[in-house]
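K.L.:
Read left to right, the sequence shown gives residues 50 to 286 (our numbering).
Hints may be right or wrong, so weigh each one.
Pair ranges (Cβ atoms, derived) [as the list claims (entries may be wrong)]:
id, residue 1, residue 2, range
1, E217, G257, 35 to 45 angstroms
2, E99, M50, 50 to 60 angstroms
3, I258, E99, 21 to 31 angstroms
Quick caveat, the hints were computed from the structure, so don't treat them as lab data.
Glycine included, C-beta positions come from ideal geometry on N, C-alpha and C.
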Amino acid sequence: MIIHVLPGDAQIETFKETGIDGEIAVCREAMVEGPVNENNLADLWTARAEFHSPGDRASYIANVVAEFEKLVNIAPGGEINLWFEYELFCQANMWFCLYLLKDTAADIYRVAPVVRAESDKWYGFGQLNSDDLKRCFSERTKFTREDIRLGAELWDAFRNDDREKLPELSKTPSPCFPYLEEVGAAAAEKDTRPREILSDILGTGETGIEKIFPIFKERAGVYGYGDDQVKRILDAI
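Use the sequences and the hints to build the structure in full.
P.N.:
This is the structure:
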């Protein structure tokens with residue numbers, strides 16, 4: 050069995066156009082914000098459901114948890130392709146996937162947006178066409194056991210908000226984790242740095258998410274935040 054974990058629903062149609070074999074699992078989470086430090090998976094799903102869809106746990110289980118369960122149920126000899134972008138938003142989700150897969154007997158591959166120029170690296174798979182995705186897949190990288198363990202350790206440090214361990218682990222060289230040191234440093238500052246940047250932008254007189262968001266993305270692309278994350282920070286300032 051082959052599973053392709055896509056970073057969001059926006060990539061589904063373009064991926065289908067590639068003709069690449071395998072079943073799709075969609076990561077519909079945003080582990081970069083909200084509660085993540087729970088004692089077990091059941092408690093985590095409860096906390097995440099309350100964060101994303103208060104009062105509608107059934108919808109969260111059906112649309113989000115069910116996609117992750119495709120990974121933990123894969124048989125030995127299977128193949129899992131993690132299609133995740135470089136920035137923290139996607140990396141936190143990928144670290145969580147690797148935590149779930151730390152004991153798997155399946156082969157795991159990292160598929161990254163390798164067609165992006167260095168200057169556009171934080172734009173990920175957005176606006177790429179099917180030929181671009183096929184090239185990304187052809188240049189995928191296989192996770193070693195050490196890589197999988199690193200991903201699981203990164204998740205543990207992230208969920209525990211260990212601001213010393215995150216930068217330390219992020220210095221580990223691995224072809225499966227490009228830009229990891231930059232992302233790890235951003236993760237250690239995620240509760241302060243984005244707020245500081247948005248405060249600076251507001252200080253210039255800019256107002257309205259439609260004007261503020263592009264400036265934030267230019268200055269803090271490493272976080273990979275979307276409108277929702279930026280709005281929540283703005284509301285708290």
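K.L.:
If a hint holds in the structure, say so; if it does not, say that too.
P.N.:
Verification of the hints:
1. For E217 and G257, the hinted distance range of 35 to 45 angstroms is satisfied, since their beta carbons lie about 39 angstroms from each other.
2. Between E99 and M50 the Cβ separation comes to about 32 angstroms, which falls outside the hinted range of 50 to 60 angstroms.
3. The hinted window of 21 to 31 angstroms between I258 and E99 holds, with their beta carbons roughly 25 angstroms apart.
When held up to the earlier numbered hints, the structure conflicts with hint 2 and nothing else.
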